[in-house]
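J.: Listed in order, the protein sequences are those of chains A and B.
The opening position of the first sequence corresponds to residue 87 in the numbering used here, with each subsequent residue numbered one higher.
The opening position of the second sequence corresponds to residue 4 in the numbering used here, with each subsequent residue numbered one higher.
It is worth saying that the hints were derived from the structure and are not from the lab.
Take the hints with a grain of salt, since some may be wrong.
[Stated by the list, open to error] When the alpha-carbon atoms are kept at most 20 Å apart in a straight line, the in silico SDA-like pairs for lysine to any residue are as follows:
#: 1; chain 1: A; residue 1: K386; chain 2: B; residue 2: P92
#: 2; chain 1: A; residue 1: K386; chain 2: B; residue 2: K194
#: 3; chain 1: B; residue 1: K194; chain 2: B; residue 2: Q136
#: 4; chain 1: B; residue 1: K112; chain 2: B; residue 2: S178
#: 5; chain 1: A; residue 1: K386; chain 2: B; residue 2: Q136
#: 6; chain 1: B; residue 1: K183; chain 2: B; residue 2: K194
#: 7; chain 1: B; residue 1: K211; chain 2: B; residue 2: V19
#: 8; chain 1: B; residue 1: K194; chain 2: B; residue 2: S217
#: 9; chain 1: B; residue 1: K194; chain 2: B; residue 2: R205
#: 10; chain 1: A; residue 1: K319; chain 2: A; residue 2: I168
#: 11; chain 1: A; residue 1: K386; chain 2: B; residue 2: S217
#: 12; chain 1: A; residue 1: K231; chain 2: A; residue 2: H169
Owing to the predicted nature of the structure, the values given are computational and were not obtained by experimental measurement.
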Amino acid sequence: MRGHRGLVVVLAGLALLALVPPVAGMLNQPFYIDLLRRVMILAIAAVSLDLILGYGGMVSFGHAAYLGIGSYSVAVMAFYGIHSGPLQWLVAIGASALVALAIGSVSIRTSGIYFIMITLAFTQMLYFLGISVDEYGGDDGMGLKRLSQFGNLIDLGDPVAFYYLVLAILVLTLVIVHRLVHSRFGMVIRAAKSNEARTRAIGFSPYAYRLVAFVIAGAICGLAGALYVNHTKYLSPHIMHWTISGDIMFMVILGGMGSTAGPVAGALVLLVLENLLSGWTEHWQIIFGPFLVLVVLFAKRGLAGWLAGGRHG
Amino acid sequence: MLEVRDLETAYGRSQVLFGVSFTVEAGTVVTLLGRNGMGKTTTVRSVMGMMRPRSGQVLFEGKPLTGLPSYRVAQAGLGLVPEGRQVFPNLTVVENLIATAATRRQQSKQWTLQRVFQFFPNLAERRGNYGNQLSGGEQQMLAIARALMTNPRLLILDEATEGLAPLIRHDIFRSIEQLKAEGLSILVIDKDLRALTRVAHRHFVLEKGRVVWSGTSVELEANADIQHRYLGV
C-alpha cells in the first residue's frame, strides 16, 4: 500500500469493519456480525497466503492445511480438557509453523507446477488423515464444547467481543506482513520472485528466505484456523479440503496479488457474493465462476489495483 | 586476482569454449573482445558459476571457484552486471540497491546508498520508482549500482552499454573510468573499441572459444590486422 490513496482506502475499509457490530445491532441483524467475522478470519488466511504467493511467487495450493492444523490444535486440546486460550492458540501457531517447515523444506526445492502439486498433495494427506482419525469424529468432525478460554480478559462467547478480537488480529496481521514485505528480507523474497538466477548471481540463495516466509505464512494461517474453529464451534476435516485452498487463493487473486490489504477485499467480495448469490439460486457458482474469469482477464491486479491505483509488484 | 585457466564449457553437446585462459591483475581494467557468438558471455557465465565448465579452472585471489554455485561466487567478491541489465522490476530503485547489498570485507571505502547516489545522481532522483519504470540508461546505472552495493573486489560488466544512446554510453564509460581511478578491478565486455582502448589496460580477443590474441591498448590500436580480422573494425 504505497502512496496515500492506498492507505486511505485501507483505513476506510477497517473503519467500516469496526462499525459493523453497532450498525448490525441497531438493525437487529446479528447475522452480519457473524458473516463479517468469518470474512475477517478467512482474510487473515488470505493475507498470509499473499505473503508467499503474491510477494514470493510460491503458488501454494495447500494453504488450507494450516487452517486445519490450527483448528485441530484447539479442538483436540479442548477434547482432552485443556481449554486455556493462550495455550491452545500458541500450540495452533507452533504446530502450523512446524508443519509448514516440513512441507516447505521439501516443496520449496521445486518450482512451478511441481510446487503446486506437492503442496496440494501434502494437504490432501492431512485431509485424509483428518477423515480417518475416528477419535476426533473422522469425516463428521466434532463439536467444540467449550470455546478457547481467556479468563476475564475476553469472552469469545460474546459475539461482539469476539468480532473485535478478530478485527484486531487482522490489523496486526496486516501490519506484520506489510513490515515484513518492506524489510530487506521481503526485498530478497520479491527479488527472487522476479529473477531467481539474478538473485543468486548477486550473492543470495533464495531457499532459506523462501522457507522462512513459508513458515511465517503457515503460522499466521494456523492462528486463523484457531479462530475459525471457535467461530464455527465445530471441527471438520473439510476445512482442509483442496477446494478451501482454492477459495483462499481466489481471495488473493481477486483482491490483488502482492498487495498487503488486497486479500481482505478479496475475502469480503468472495464471501458476500457467495452469500447473496446462494440466497438467490442454488447454482450460484454458475454466476460466480464467470465473474472470477472476468476478474482474472480484465483486472490483473485485482480489486487492490482498481481501488488503490499506483501499487504494483 | 582472477585467473582463468583452460576453460572448456558446452551447452549440452555443443561446445562453446575450447580452453579460454586469461588473467585480471588487481586494480586493472581488462576486456574480453570478439564478435558475437565467440564465447564472451559464456566465459562470464562459467566464471560466475551460472554454468558448470567441463574442464578448466577459475581462481580468485588464489582460491578455486570452479564448480561453486553462483551465490558463493558472488559472495567471494565478484560483482556481475549482467547482459540485459535484469534489474528487479517489482522493486523500487532503493529496494533494488538494498535487497542484495553486502559488506563482506573490510574496505577503505565501502559502497553505501549515499555514495551510490552521489555516483549516479540520476538514480537518487528516481529512488522511489520501480525498476520497470526506468529508462534503459537508468536501468543500466541501477544494475551497476546494485553490483557495487555488494562491495565487490572485481566488477564484471557484460555488454553494459548495449542498446543505449551514445550520450548515455558516454556517461557509463565515464563511470567506469571513475571506478578505475578508485582502484577497482574491472572486467569489461563491450563492442565500443574506441572507448575500451581508452579505459582498459589489457585486452583478450576471443575467437571460436579460444583466446587468440592479448595485449595492451597501445598494442591493440597499433594492430590493424587484429582489429580487422577478429573484431570486424
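J.: For each hint, tell me whether it holds in the structure or not.
T.: Here is how each hint holds up against the structure:
| no. | hint | verdict |
| --- | --- | --- |
| 1 | K386(A) <-> P92(B) | holds (17 Å) |
| 2 | K386(A) <-> K194(B) | violated (40 Å) |
| 3 | K194(B) <-> Q136(B) | violated (27 Å) |
| 4 | K112(B) <-> S178(B) | holds (16 Å) |
| 5 | K386(A) <-> Q136(B) | holds (18 Å) |
| 6 | K183(B) <-> K194(B) | holds (19 Å) |
| 7 | K211(B) <-> V19(B) | holds (7 Å) |
| 8 | K194(B) <-> S217(B) | holds (16 Å) |
| 9 | K194(B) <-> R205(B) | holds (15 Å) |
| 10 | K319(A) <-> I168(A) | holds (16 Å) |
| 11 | K386(A) <-> S217(B) | violated (53 Å) |
| 12 | K231(A) <-> H169(A) | holds (10 Å) |
Figure legend: structure checked against the earlier numbered hints; hints not met, in rising order: 2, 3, 11.
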